[in-house]
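Student: Chains as they are written, first to last, in full-length UniProt numbering: chain E, 1 to 285; chain X, 1 to 147.
Keep in mind the hints are simulated off the structure, nothing from the lab.
Hints may be right or wrong, so weigh each one.
DSS-like mimics (lysine-lysine), calculated; alpha carbons at most 30 angstroms apart, straight line [what the hints assert, rightly or not]:
{"#": "1", "chain 1": "E", "residue 1": "K202", "chain 2": "X", "residue 2": "K112"}
{"#": "2", "chain 1": "X", "residue 1": "K78", "chain 2": "X", "residue 2": "K133"}
{"#": "3", "chain 1": "X", "residue 1": "K133", "chain 2": "X", "residue 2": "K112"}
{"#": "4", "chain 1": "E", "residue 1": "K202", "chain 2": "X", "residue 2": "K133"}
{"#": "5", "chain 1": "E", "residue 1": "K71", "chain 2": "E", "residue 2": "K202"}
DEER-style ranges, computed between Cβ atoms [as the list claims (entries may be wrong)]:
{"#": "6", "chain 1": "X", "residue 1": "N34", "chain 2": "E", "residue 2": "A241", "range": "50 to 56 angstroms"}
{"#": "7", "chain 1": "E", "residue 1": "G8", "chain 2": "X", "residue 2": "P37", "range": "33 to 39 angstroms"}
{"#": "8", "chain 1": "X", "residue 1": "G74", "chain 2": "E", "residue 2": "K202", "range": "38 to 44 angstroms"}
{"#": "9", "chain 1": "E", "residue 1": "S216", "chain 2": "X", "residue 2": "D88", "range": "47 to 53 angstroms"}
{"#": "10", "chain 1": "X", "residue 1": "N34", "chain 2": "E", "residue 2": "A57", "range": "49 to 55 angstroms"}
{"#": "11", "chain 1": "E", "residue 1": "A275", "chain 2": "X", "residue 2": "S47", "range": "52 to 58 angstroms"}
{"#": "12", "chain 1": "X", "residue 1": "S47", "chain 2": "E", "residue 2": "A57", "range": "53 to 59 angstroms"}
{"#": "13", "chain 1": "X", "residue 1": "R99", "chain 2": "E", "residue 2": "G102", "range": "42 to 48 angstroms"}
{"#": "14", "chain 1": "X", "residue 1": "A20", "chain 2": "E", "residue 2": "V80", "range": "57 to 63 angstroms"}
{"#": "15", "chain 1": "E", "residue 1": "S14", "chain 2": "X", "residue 2": "A35", "range": "54 to 60 angstroms"}
{"#": "16", "chain 1": "E", "residue 1": "P174", "chain 2": "X", "residue 2": "N34", "range": "25 to 31 angstroms"}
{"#": "17", "chain 1": "X", "residue 1": "A35", "chain 2": "E", "residue 2": "V80", "range": "46 to 52 angstroms"}
Among the chain X residues that face chain E by a calculated CB cut under 8 angstroms, a handful are [as the list claims (entries may be wrong)]:
{"#": "18", "residue": "R99"}
{"#": "19", "residue": "P100"}
{"#": "20", "residue": "P102"}
{"#": "21", "residue": "G109"}
{"#": "22", "residue": "K112"}
{"#": "23", "residue": "V126"}
{"#": "24", "residue": "K127"}
{"#": "25", "residue": "L129"}
{"#": "26", "residue": "R130"}
Just so it is clear, the structure is predicted and the values come from calculations on it, not from any experiment.
Glycine is no exception: its CB is placed at the ideal position from the N, C-alpha and C atoms.
One-letter residues, chain by chain:
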Amino acid sequence: MSFEPITGRYLTVSVAGAPRRIYVEEAGAGRPVLCLHTAGADTRQWRHLMNDAAVTAGNRLIAFDMPWHGKSLPPEGWEVEEYLLTTEAYIETVLAVVDGMGLDRPVLAGCSMGGRIALQLAALHPETFSGFIAIEASDFQPAWYDIDWFHRPDAHGGEMGAALVSANISPHAPRVERWNTLWMFMQSGPGVFRGDLSFYTKDDSLIGRLCRIDTSKTPVHLLVGAYDLTCTPEDARRTAAAIPGASIAVMDELGHFPMSEHPEGFRPFFLDALARMPVARADAA
Amino acid sequence: MEAAAAAWHEEGDSPQDPEALVLTTFQEVQESLNATPHLLRLGRLFSETVLVEVDGQEIYLSFDQGRIASVTEGPSRKTPWRFALRTDGAALEEFWRARPEPGFHDIFGLVKIGRGRIDGDILCLVKNLRFFKEVMGLARMDEGKAA
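In isolation and in its complexed conformation, chain E is listed as follows:
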């Protein structure tokens, strides 16, 4: 029997003037890398990389559950609130975690909606980070399905959401990780996936901000899976082309949840992405 190197703690920060008790996991030492999960999921998507000694030898991987997700409870009063994630609340939450944990210019690695907000932060708050790894990330896509499907009294939103996002998982993914990945969607709270998708499919504010990103100061590297139907390689290429100096890698055998659905396949792409990010400053403890 042996324990994994991942440790978890709770951090309370303030978002929109109210407390948010946030669950944070971390592993490794060295340059901080803040990892953001996709819509409708949680930090478990990053567990493989956080258990990978080759990744954590020089990097301190930190992942947290967004409020309403995983072990981060919704805020007080959630029972009468409609959960609809906004760009502003998402940015404020990420910045509050960086500040609350005292992170010195971490690399920001986000997937899907996490990738979208990573690019927003690259445009709006680059000084807080040292580089950006935007995974399955694009400027904007409208939904190719009715997001209201996922919050109905007559159906299980988690099961429907999982069945839908299974379209984004590569047939090359190991069966066990395919189903582990889908389980997180099945566990998502009522309306949470819908609320995340509201942000992801309706907020197009990034488009006009891509040109603000200065990759000479903070590099941007995009990763996209060939089997991703939501953020297709074409979507990611379009986005990368709009960011001068951004680089991109297409992962031929991966889908929309690469770190979770096929960790071994994703590993070399993530290591390459990390190698493209600046090393920690000498004064960064």
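Keeping the supplied structure of chain E fixed, place chain X upon it in accordance with the hints.
Tutor: Then chain X, alone, in the frame of chain E:
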């Protein structure tokens, strides 16, 4: 899967009678479903008729509490269906490979790449999406490796 599904993937000449092959393959799907307990459990509340159209050939899959009660060739204007999946034979052949190319790996992928169309009561499909997708995947080669 048995002979008909395997015939989709044989090297060389195309099948002599592709319409018969489609029908036979769905009849084999019907048999496979009967031998797949977890799908019978997942589909126990699903009793609907689904139209699958391949190269214009209509096939009606009539589900009864998770089992396919009948596989009937159309066209039939007397057979009401809840939702329909329309595609082409070449796309379906790729869909049924163990490792389909991107887009061919999922019924919504077929729609996204312009090789499929879904009509009818989409919400009914989505409510039963895992079940229906796995039923469609029963003809997939080497299922043990490609879920």
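Student: Work down the list of hints and note, for each, if the structure agrees.
Tutor: Now for the hints, and whether the structure bears them out:
Annotation: proposed proximity of K202/E to K112/X holds, straight-line Cα distance about 19 angstroms (limit 30 angstroms). Between K78/X and K133/X the alpha-carbon distance is near 26 angstroms, which keeps this suggested pair within the 30 angstroms criterion. Proximity of K133/X to K112/X is assessed by CA-CA distance (about 16 angstroms); at most 30 angstroms being required, the pair is judged to hold. Pair hint K202/E plus K133/X holds up; C-alpha atoms about 28 angstroms apart against a cutoff of 30 angstroms.
For the hint linking K71/E to K202/E, the alpha-carbon distance of about 26 angstroms falls within 30 angstroms, and the restraint holds. Distance hint check for N34/X and A241/E: the Cβ-Cβ separation is about 51 angstroms, which falls inside the suggested range of 50 to 56 angstroms. Taken as a hint, the range 33 to 39 angstroms holds for the pair G8/E and P37/X, whose Cβ atoms sit roughly 37 angstroms apart. For the pair G74/X and K202/E, the beta carbons lie near 40 angstroms from each other, so the given range of 38 to 44 angstroms is met.
Taking 47 to 53 angstroms as the suggested C-beta distance range, the pair S216/E and D88/X conforms, at roughly 48 angstroms. For N34/X and A57/E, the hinted distance range of 49 to 55 angstroms is satisfied, since their beta carbons lie about 52 angstroms from each other. A275/E and S47/X have their C-beta atoms about 55 angstroms apart, which keeps the hinted 52 to 58 angstroms range intact. For S47/X and A57/E, the hinted distance range of 53 to 59 angstroms is satisfied, since their beta carbons lie about 56 angstroms from each other.
The given range of 42 to 48 angstroms is respected by R99/X and G102/E, whose C-beta atoms sit roughly 46 angstroms from each other. Our hint of 57 to 63 angstroms for A20/X and V80/E holds, since their Cβ atoms are close to 59 angstroms apart. Between S14/E and A35/X, the C-beta spacing of about 57 angstroms keeps the proposed range 54 to 60 angstroms intact. In this structure, P174/E and N34/X meet the distance hint of 25 to 31 angstroms, their C-beta atoms being roughly 28 angstroms apart.
In this structure the hint that A35/X and V80/E lie 46 to 52 angstroms apart at CB holds, the actual value being about 48 angstroms. Taking 8 angstroms as the C-beta contact cut-off toward chain E, the hint placing R99/X at the interface holds, the least distance being around 5 angstroms. Because the smallest distance between the Cβ of P100/X and any Cβ of chain E comes to about 6 angstroms, under 8 angstroms, the interface hint for this residue holds. At about 5 angstroms, the closest approach between the beta carbon of P102/X and any beta carbon in chain E falls short of 8 angstroms, and the interface hint on this residue holds.
Taken as an interface hint, G109/X checks out: its beta carbon lies about 6 angstroms from the nearest beta carbon of chain E, inside 8 angstroms. Evaluation of the K112/X hint against chain E yields a held restraint, the C-beta minimum of about 5 angstroms falling below 8 angstroms. Interface restraint check: V126/X against chain E, minimum CB-CB distance 5 angstroms, threshold 8 angstroms, status holds. About 5 angstroms separates the beta-carbon of K127/X from the nearest beta-carbon of chain E, less than 8 angstroms, and the hint is met.
Residue-level restraint check for L129/X holds (minimum Cβ-Cβ distance to chain E is 4 angstroms; threshold 8 angstroms). Nearest Cβ of chain E to the Cβ of R130/X: about 4 angstroms, under the 8 angstroms cut. The hint holds.
The structure shown violates none of the earlier numbered hints.
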